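Participant: Position chain B against the provided structure of chain A, taking the given hints into account.
Residue numbers (the working numbering), protein chains in the order written: chain A, 1 to 163; chain B, 1001 to 1762.
FYI, nobody ran anything at the bench for these hints, they're computed from the structure.
Some hints could be false.
Unchecked claim - Cβ pair distances, simulated, as ranges: (1) A:E129 x B:S1082: 49 to 57 Å; (2) A:G36 x B:E1055: 47 to 55 Å; (3) B:K1021 x A:Y125: 54 to 62 Å; (4) A:D91 x B:Y1398: 17 to 25 Å; (5) A:G36 x B:L1684: 40 to 48 Å; (6) A:H156 x B:D1014: 23 to 31 Å; (7) B:D1591 x A:H156: 52 to 60 Å.
Bear in mind that the values here come from a model prediction, so they are computed numbers and not experimental data.
We treat Cβ as the ideally placed atom computed from N, Cα and C, and that holds for glycine.
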Amino acid sequence: MSNQYKLVTCTINGKERSAMVDVRASLTDMLRNDYGLTSVKKGCEVGECGACAVIIDGECFNSCIYLAIWADGKNITTLEGLTHPDGTLSDIQQAFVDESAIQCGFCSPGFMIEAESFLQKGKIYTDDELRKLLSGHLCRCTGYENILRAVKKVMHKRAAESV
Amino acid sequence: MIIGKSYTRVDAYDKATGRTKYTEDLCDKHALVAKIKHSNVAHAIVKSVDISEAEKIPGVVKVLTCFDAPEYLFPTAGHPWSTEESHQDICDRNVLTKHVRYYGDDVAAVVAEDEVAAKRAIEAIKVEYEVLPFVLDVQEAMKDGAPQIHEKYKNNVLAHTQIHKGNYEEAIKEPGLIKIDKWYNTQTVQHCHIENFICYAWEEGGRIHVTSSTQIPHVTRRCVAQALGVDWGRVRVVKPYIGGGFGNKQDALYEPLCAWLTTQVGGRLVKLDCQREETFANNRVRHAIRYHFISWVKPDGTLVARKVECFSNQGAYASHGHAICAKGLGSFPQLYPCENFEGDGWTVFTNRQVGGAMRGYGMPQATFAIEAHTEDICTELGLDPIAYRRKTVMPVGYVDAFSKNELYSDTFNQCLDAGMKYIDFERKREAYKNQTGDIRRGIGVSLLWYNTAVWPIALETSSCRMVMNQDGSIQLQVGETEIGQGADTAFSQMAAETLGIPFEKVHIVSCQDTDVTPFGTGAYASRQTYAAGMGIRGCAEAFKAHILDVAYRYTRMQSYLMDIVDGNIIRKTDGRVLMTLGELALTVLYDREHNEHLTMEKTAQLKTNAYSFGCCFAEVEVDIPMCQVKLLNIINVHDAGTLINPALAEAQVHGGMSMGIGYGLSEKMLYDAKTGKLLNGNLLDYKLSTMMDHPHLEAQFVENPEPTSAYGTKGLGEPPVNPVASAIRNAILNATGVAFDELPMRPHLLYEKFSQAGFFQD
Chain A
1 MSNQYKLVTC
11 TINGKERSAM
21 VDVRASLTDM
31 LRNDYGLTSV
41 KKGCEVGECG
51 ACAVIIDGEC
61 FNSCIYLAIW
71 ADGKNITTLE
81 GLTHPDGTLS
91 DIQQAFVDES
101 AIQCGFCSPG
111 FMIEAESFLQ
121 KGKIYTDDEL
131 RKLLSGHLCR
141 CTGYENILRA
151 VKKVMHKRAA
161 ESV
Chain B
1001 MIIGKSYTRV
1011 DAYDKATGRT
1021 KYTEDLCDKH
1031 ALVAKIKHSN
1041 VAHAIVKSVD
1051 ISEAEKIPGV
1061 VKVLTCFDAP
1071 EYLFPTAGHP
1081 WSTEESHQDI
1091 CDRNVLTKHV
1101 RYYGDDVAAV
1111 VAEDEVAAKR
1121 AIEAIKVEYE
1131 VLPFVLDVQE
1141 AMKDGAPQIH
1151 EKYKNNVLAH
1161 TQIHKGNYEE
1171 AIKEPGLIKI
1181 DKWYNTQTVQ
1191 HCHIENFICY
1201 AWEEGGRIHV
1211 TSSTQIPHVT
1221 RRCVAQALGV
1231 DWGRVRVVKP
1241 YIGGGFGNKQ
1251 DALYEPLCAW
1261 LTTQVGGRLV
1271 KLDCQREETF
1281 ANNRVRHAIR
1291 YHFISWVKPD
1301 GTLVARKVEC
1311 FSNQGAYASH
1321 GHAICAKGLG
1331 SFPQLYPCEN
1341 FEGDGWTVFT
1351 NRQVGGAMRG
1361 YGMPQATFAI
1371 EAHTEDICTE
1381 LGLDPIAYRR
1391 KTVMPVGYVD
1401 AFSKNELYSD
1411 TFNQCLDAGM
1421 KYIDFERKRE
1431 AYKNQTGDIR
1441 RGIGVSLLWY
1451 NTAVWPIALE
1461 TSSCRMVMNQ
1471 DGSIQLQVGE
1481 TEIGQGADTA
1491 FSQMAAETLG
1501 IPFEKVHIVS
1511 CQDTDVTPFG
1521 TGAYASRQTY
1531 AAGMGIRGCA
1541 EAFKAHILDV
1551 AYRYTRMQSY
1561 LMDIVDGNII
1571 RKTDGRVLMT
1581 LGELALTVLY
1591 DREHNEHLTM
1601 EKTAQLKTNA
1611 YSFGCCFAEV
1621 EVDIPMCQVK
1631 LLNIINVHDA
1641 GTLINPALAE
1651 AQVHGGMSMG
1661 IGYGLSEKML
1671 YDAKTGKLLN
1681 GNLLDYKLST
1691 MMDHPHLEAQ
1701 FVENPEPTSA
1711 YGTKGLGEPP
1721 VNPVASAIRN
1731 AILNATGVAF
1741 DELPMRPHLL
1751 YEKFSQAGFF
1761 QD
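Bound conformation, chain A alone (with noise of 0.2 Å):
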């Protein structure tokens, strides 16, 4: 049992933190149980629903694929990240809020997140560009459209400001 566990360190949004982990715990179990970030979703477990998608050095993943061991010495981000340490939103969570993109909020971290790690770049997409980007994260409530309409603002938002 003693190769059972490993001690994984690595950076969650901003701090350097450590744990002793279950080899066989997905990022996604490393991250709900030893850090309590409940933004982290399980919807599917297998990869298709992207609902735990998460930043790991500057790439959006699907974290229930991903092995908490593989983390050791990474940089992640979930959105519990982009809020700011006065519990103001991010400009992608304001967004989502004032464009009605949230219904019941199970997909939305997800959603969030992967708009934020490609937004990063700083690249405007056109519309169809933008719905593949999204396509791995699954939404039964939305239809997506409020959640096209909210990554859209936040883009031309951004683009404007950096000009």
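Facilitator: Same frame as chain A, but now just chain B:
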């Protein structure tokens, strides 16, 4: 006015941060884990279960089989209880079964210290079956000699209802009538809420406590008590925020089993968390219903007589049962009134998984059939599909004899006008005439009709409690549940409006707890704004009257001279602010002479109901060689009466349209004919629409306030899904001349039908 404003959802901020607590977030991580041994045969008697190997696995706490389960039979449907035994839901389940009735039925369960041990133990359980023949098709199941699934139900018929009006047999003798005789088939689909079903249970204080991702906490409490044979008061059900329900969670799913399991391990905390594959294979599904329509019409389309048969595939257990088939059947003679109508609806057990409630409750199936058939009549007779619908649809002033529901306004024409204008219907219809070539475009329409709430079929009730804080704000409690649709926000707006306080001063108690929440039957039947609206308004008006009586003590003004406006007690005669509600609440609570805690509780029983209306227009591009349909444009127009929160109403419509697009084009649960096993029970193989599969979803409204409603509302939760598949179907017919009478219209079916149409001959 607070009604009609697009306030931000009351739960939006927490959901945007990810801190909202859903069931799993609340469960102690040291909970024992329960897993279920599902059968790998479709129909069998369990002869024995060998648990000896399973019990040896480290970490296993308890292994239980169908031979240990209590003998109490219980129902699962999220219906109100009926005090008349004949109207009660059918009790046909045990928490674990000795008679396997579908592939995946629950025969044993393991409680273990962790998930790995539980899963290993499940695999180690050996079940010996006496395998029986099984039947998957609804009409096959009705034949003599078909496998008998439940003892009491001859030919597996759970229920058969008839509607007879006029004289069909005589009417069809009229010379010159044209007979249009067609079958329409709908498929089995699943709800696919992103949060799987999950619950946990423990014992405390001599009672069984269940926290569950449910739409119906009060109903679930009763189902759990029935399953365990205990007094209803010994069970408590808590409903946290839930990650979607869509009707699947309008059923007692595994709460009874989980509650029983905790009683078998000394009341320790037990968590039962369905995997996605179990949500697909072992929760509820939308009934596949097959329809047979025979219409007798005059050359101008006048409907003289109509006969409809509906065959609803119930699957293994009764669940919501015949209510779903009956709702659709009942809609046909209302939507298109016909003097001579014969309707038969059969709900039939098969060895498939269980059909339950799903957004629309039989109406997506029925709407597909009736609106495909209406289009087929127009095509056959060369009639304009819009003009024909305007002429034959339920007229203004129509009153249903049974429900007393009435069509008060010219809503169908208004909805059609709005939809046609947006999608440029007439010009496109003209442009798409006489197309040839591989790529063709088409445009189609479908009406929608929906009956809000459940009166007079069942009890309709909603209770509400308001408690005032020292600052003049209130806690608002209702039994009707937030399941993502935005109900809490709408309820808060209603309370603020009637009580006369700012929206921000309403603190809704979002999550229900049957120990403290006033009785309400939950989220279903698009009843939230209609039913809870009456509870809230009744309570708020009584509370206001009471507050003004109390205010007399401090203001010396007669209550009829005062009002509450924007959180202030004002004198109506001159508008002067006499005191704030906060001052009153604080003063009266700490008054050493007349102390009182300000609160009000009321029950509203509804003896009315409301129709909800609308239409959908779809425009498609069909690639004939590739057998693909691209949805180019789509609009739903709804008359849901007064919109409480237009932004949330619009969002609700988007979600329903999306579900309708999947229903029309891609979603279908596939069953292996040899074993009865579900073949595509995961989110990879089951084709749920992604963002790439949708065009822009346009949602528009016609607001004709419902006269019987506390706030002018009628149902909006379910209606948006109903007309979408038929509108797409009619657009494909317009594009290609091929009538699809089956769903979904995926490439496999297109290939088959286009081949039959001769499109692929050299």
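Participant: Decide, hint by hint, whether the structure agrees.
Facilitator: A quick look at each hint next to the structure:
| no. | hint | in the structure |
| --- | --- | --- |
| 1 | A:E129 x B:S1082: 49 to 57 Å | 55 Å, holds |
| 2 | A:G36 x B:E1055: 47 to 55 Å | 34 Å, violated |
| 3 | B:K1021 x A:Y125: 54 to 62 Å | 34 Å, violated |
| 4 | A:D91 x B:Y1398: 17 to 25 Å | 50 Å, violated |
| 5 | A:G36 x B:L1684: 40 to 48 Å | 30 Å, violated |
| 6 | A:H156 x B:D1014: 23 to 31 Å | 27 Å, holds |
| 7 | B:D1591 x A:H156: 52 to 60 Å | 57 Å, holds |
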